[in-house]
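Participant: Next come the chains, spelled out residue by residue.
There are 2 protein chains.
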Amino acid sequence: MSLDPAISARLKRNADGLVAAIAQQRGTGEVLMMAWMDDEALHRTLTTRRATYFSRSRQQYWVKGETSGHTQHVHEVRLDCDGDTILLVVDQEGAACHTGDRTCFDADVLLS
Amino acid sequence: MSLDPAISARLKRNADGLVAAIAQQRGTGEVLMMAWMDDEALHRTLTTRRATYFSRSRQQYWVKGETSGHTQHVHEVRLDCDGDTILLVVDQEGAACHTGDRTCFDADVLLS
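Residue numbers (full-length UniProt numbering), protein chains in the order written: chain A, 1 to 112; chain B, 1 to 112.
Rather than coming from a laboratory, the hints here were simulated on the basis of the structure. Here the structure is a predicted model, which means the values were calculated and not measured. The beta-carbon is built from N, C-alpha and C at its ideal position, and this holds for glycine as well.
Some residues of chain B that are not near chain A, with every Cβ distance over 12 Å (derived): (1) Gln59; (2) Trp62; (3) Thr67.
Each computed EDC-like pair below joins lysine to aspartate or glutamate, with the alpha-carbon atoms no more than 20 Å apart: (4) A:Lys12 x A:Glu40; (5) B:Lys12 x A:Asp108; (6) B:Lys12 x A:Asp16; (7) A:Lys12 x B:Asp106; (8) A:Lys12 x B:Asp16; (9) A:Lys12 x A:Asp82; (10) B:Lys12 x A:Asp106; (11) A:Lys12 x B:Asp108; (12) B:Lys12 x B:Asp84; (13) B:Lys12 x B:Asp39.
Sequences and hints are given; from them, build the entire structure.
Facilitator: Structure (structure tokens):
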């Protein structure tokens with residue numbers, strides 16, 4: 001099985017065939033991280049409810065938390081108005097960031 | 001004046017010289033939209049506190065709300081761990097989406 005053609009038709013992929021995916025913590029609204037998905041990653045995310053991305057550097061699928069245990073259980077998936085960005089509302093287990101921070105935006109404040 | 005070299009050195013731009021920028025409503029945590037910035041757009045955003053993006057389709061700077069009045073006053077700017085995504089915490093005036101929706105993620109729910 002692959003991604004629902006009705007959804008696939010609404011995606012506006014970049015030159016690498018990817019759309020951006022933003023993960024947000026359910027309830028608190030924290031923006032946790034941004035990563036990338038192709039059609040298959042989105043399909044896997046929608047059907048398994050485990051956030052699955054496509055790694056541009058490694059050119060492979062990546063189930064968030066598969067090695068770290070820091071999984072994302074997916075409650076909601078939304079596509080934006082121009083079809084190039086996805087919002088995932090998730091329950092993040094532990095740290096979302098590979099540095100150990102709760103979110104990937106915790107460490108570097110440019111303006112406050 | 002241009003972007004602080006210490007910040008510029010931390011940016012990991014894509015092939016078009018851009019980083020992704022996520023706008024989030026202060027307080028509610030709503031994810032409003034995703035757009036793109038180059039160094040100059042980020043510099044203008046940091047110095048004016050008015051969210052300023054770079055339009056890929058029009059190849060020009062774009063002060064959010066300049067024509068619609070739906071401005072974004074910027075309270076906080078954060079850079080993510082790998083330097084390719086910026087998070088803006090803003091006060092959104094009116095609708096963030098050009099369709100009139102509050103956010104660009106309101107209309108198309110793929111999973112709930």
